[in-house]
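Turn these sequences into a full structure, and let the hints steer you where they fit.
Taken in order, the sequence shown gives residues 0 to 323; the numbers are from numbering that gives the first Met the number 0.
Check the hints yourself; a few may be wrong.
Label pairs and their computed distance ranges (CB to CB) [as the list claims (entries may be wrong)]:
hint, residue 1, residue 2, range
1, 177, 62, 43 to 49 angstroms
2, 124, 238, 21 to 27 angstroms
3, 179, 91, 33 to 39 angstroms
4, 61, 313, 21 to 27 angstroms
5, 178, 33, 19 to 25 angstroms
6, 70, 121, 36 to 42 angstroms
7, 306, 141, 45 to 51 angstroms
8, 62, 126, 40 to 46 angstroms
9, 313, 121, 40 to 46 angstroms
10, 286, 76, 24 to 30 angstroms
11, 124, 296, 46 to 52 angstroms
12, 130, 81, 17 to 23 angstroms
13, 296, 177, 41 to 47 angstroms
14, 138, 227, 26 to 32 angstroms
Everything labelled a hint here was simulated from the structure, so no lab data went into it.
Bear in mind that the values here come from a model prediction, so they are computed numbers and not experimental data.
Don't be surprised by glycine CBs; every beta carbon is placed ideally from N, CA and C.
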Amino acid sequence: MILKVDATPAFLAVVGCTAAGKSALAMRVARELDGEIVAMDSRQLYLGMDIGTAKATPEERVLVPHHGLDIREPDERYGAGEFARDARRWIAEIRGRERVAILVGGTGFYLRALTDPPFAEPPLEEAGRSAIEAALAAMPVAEVRRWSQALDPGRAGPGSDDGGRQRMTRRITVALLTGRALSWWHSHRPSDGRGLLGTVFLVRVPRELLGGRIERRVDAMMRAGLPGEVERLLQAGYRPGDAGMDAVGYREVASHLAGEISLDEAVGMIVRATRQYAKRQRTWFRHQLGGGAIVVDGTAPLEEQAELVVRHWRMDMAAEAITT
0 MILKVDATPA FLAVVGCTAA GKSALAMRVA RELDGEIVAM DSRQLYLGMD
50 IGTAKATPEE RVLVPHHGLD IREPDERYGA GEFARDARRW IAEIRGRERV
100 AILVGGTGFY LRALTDPPFA EPPLEEAGRS AIEAALAAMP VAEVRRWSQA
150 LDPGRAGPGS DDGGRQRMTR RITVALLTGR ALSWWHSHRP SDGRGLLGTV
200 FLVRVPRELL GGRIERRVDA MMRAGLPGEV ERLLQAGYRP GDAGMDAVGY
250 REVASHLAGE ISLDEAVGMI VRATRQYAKR QRTWFRHQLG GGAIVVDGTA
300 PLEEQAELVV RHWRMDMAAE AITT
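This is the structure:
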């Protein structure tokens, strides 16, 4: 499906649901293979959003170089096509240093954009786009969803996963400025180019265990100071509807800080939203990766997980050396 696009693996990727243990595994593998990490996460790329995105700590970044973190302000958009462009450069630079590029994250659209490049984006007039985005940012998310479903029913029909405020905003903007739905552009525009081949490892954790991990993770984030982080971002002028601030955790805490819900209610909402997000991730990886990923048991000791990844990667590299 999306992985057989070249002959030589250019990177290895560690993917899976949120709270599956991807980051710890990637760190262990990076140190074993002398690698560098490329964050494949649509929220860790934002400046100032550290606790709620479980971003790599400064200490971890000293141990292993990281790319794709802190590259945008929370009110700036960053799509899958932009990630694919940047990731190609990071991967080329890492390989040029004779090191291993290790992608890690749960944003499946970013992986697909890299291995199966997206269609060429239709040109959008900048002033019009900015005006539409500002108007939509001031609307309740339910109203934005109604606009998205009306303008692009092929992408956001009733009962579907609308993909969050940022993606709905993109669909509305494209439809209003071009006169055609984004789904039409997807089916009529050519790809931007060839994809890269990666050896993909899917970290899998049983649903009943993942739920407990999510609860503990949210509790740890709150104790680490997520409310204070959100408050600092709001004081800096960012709004709950901004591209980054619409993330799970940030929007709920923002509602609490606005006096709309209690802190306990915010925590409960974060846990539920994270579980729903993990369910969507699980479905996406199952449908998009199929049998093209090597499954890693996320309940096994970290050393065993890393050993599996390292062994398969070295086997791939050895096989490639024999055939070239």
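Hints, one by one, checked against the model:
1. 177 with 62: 43 to 49 angstroms: About 46 angstroms separates the Cβ atoms of residue 177 and residue 62, which means 43 to 49 angstroms holds.
2. 124 with 238: 21 to 27 angstroms: 23 angstroms Cβ-Cβ, so the 21 to 27 angstroms window holds.
3. 179 with 91: 33 to 39 angstroms: 34 angstroms, holds
4. 61 with 313: 21 to 27 angstroms: 26 angstroms, holds
5. 178 with 33: 19 to 25 angstroms: 51 angstroms, violated
6. 70 with 121: 36 to 42 angstroms: 24 angstroms, violated
7. 306 with 141: 45 to 51 angstroms: 48 angstroms, holds
8. 62 with 126: 40 to 46 angstroms: Cβ of residue 62 to Cβ of residue 126: about 45 angstroms, so the range 40 to 46 angstroms holds.
9. 313 with 121: 40 to 46 angstroms: 43 angstroms, holds
10. 286 with 76: 24 to 30 angstroms: For residue 76 against residue 286, whose Cβ atoms are near 26 angstroms apart, the range 24 to 30 angstroms holds.
11. 124 with 296: 46 to 52 angstroms: Holds: the Cβ-Cβ distance is about 50 angstroms, inside 46 to 52 angstroms.
12. 130 with 81: 17 to 23 angstroms: Holds, since residue 130 and residue 81 (Cβ atoms, about 21 angstroms apart) stay within the stated range.
13. 296 with 177: 41 to 47 angstroms: Roughly 46 angstroms apart at Cβ, these two residues keep to the hinted range, so it holds.
14. 138 with 227: 26 to 32 angstroms: 28 angstroms Cβ-Cβ, so the 26 to 32 angstroms window holds.
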